[in-house]
Amino acid sequence: GEDVEQSLFLSVREGDSSVINCTYTDSSSTYLYWYKQEPGAGLQLLTYIFSNMDMKQDQRLTVLLNKKDKHLSLRIADTQTGDSAIYFCAETQRGGSQGNLIFGKGTKLSVKP
Amino acid sequence: NAGVTQTPKFQVLKTGQSMTLQCAQDMNHEYMSWYRQDPGMGLRLIHYSVGAGITDQGEVPNGYNVSRSTTEDFPLRLLSAAPSQTSVYFCASRPHFQRTQDTQYFGPGTRLTVL
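Protein sequence lines correspond, in order, to chains A and B.
By the working numbering, the letter at position 92 of the first sequence is numbered 77, and the numbering carries on one by one without gaps.
Take the position in the second sequence, starting the count at 1, then add 257; the result is the number in the working numbering.
Just so you know, the hints here were simulated from the structure itself, not pulled from any lab data.
Check before you lean on any hint, since a few could be wrong.
[To be verified] Here are the simulated EDC-like pairs of lysine to aspartate or glutamate, each with C-alpha atoms no more than 16 angstroms apart in a straight line:
1) K90/A x E329/B
2) K97/A x D1/A
3) K93/A x E287/B
4) K97/A x D11/A
5) K90/A x D330/B
6) K97/A x D54/A
7) K55/A x E(-1)/A
8) K52/A x D39/A
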């Protein structure tokens, strides 16, 4: 079945870059996503990348996609304490349920001042 | 727009009790879904709906029922609560099931404890 894998924790210092990695299983996923969850809140869509792209940049966020290795990464430049949150990678489900999203377990990013 | 709203925010149940978690959206979205979030497990899909009158099972549907009588509302029913259903429950919506590039909006969650 589908599986989205991410490391569970990442700790960085304020001002450094953060890189959160994800591997996914379904090579037919049209889009791949990064969601952010702040403490006590629901998830918010941060960004997504179309599967025929290698890179997408949006202000401090850079998404890299390696389709051959089924590897997705999210780089946050100049990480701030406000970036402390859980970051989820997601792909679309296989087959007839392709509208559903499958989420990884989430990476908890801690930013130290 | 209020977005996706969920009630209650917190709930404590005893084993065997039943209850309904409410979810509503005011964006006229066709697609709605319920997830549960457990420590170390990420989000797992319970049930989803692609439009009024249409529901289907997700990855972990056992012990839960849903219905979709209107576009706006998508309640999740626990028929006989068990401690294994202690979790945080999130409702989400998106304009259309197939348009996965559209933003999926999440509610603030309901934290449920079953004793």
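Against the structure, the hints:
1. Annotation: proposed proximity of K90/A to E329/B is violated, straight-line Cα distance about 29 angstroms (limit 16 angstroms).
2. Distance hint between K97/A and D1/A is fulfilled; the C-alpha atoms sit about 10 angstroms from each other, no more than 16 angstroms.
3. Only pairs whose Cα atoms come within 16 angstroms are accepted, and K93/A paired with E287/B is rejected, the gap being roughly 31 angstroms.
4. Among the hinted pairs, K97/A with D11/A is inconsistent with the structure: their alpha-carbon atoms are about 35 angstroms apart, more than 16 angstroms.
5. With a C-alpha separation of about 28 angstroms, the suggested pair K90/A and D330/B falls outside the 16 angstroms cut-off, and the hint is violated.
6. A C-alpha spacing of about 32 angstroms is found between K97/A and D54/A, which places the hinted pair above 16 angstroms, so the restraint is violated.
7. Distance restraint check for K55/A and E(-1)/A: the Cα-Cα separation of roughly 29 angstroms exceeds the 16 angstroms cut-off, and the hinted pair is therefore not satisfied.
8. With a CA separation close to 8 angstroms, the supplied pair K52/A and D39/A stays within the 16 angstroms bound.
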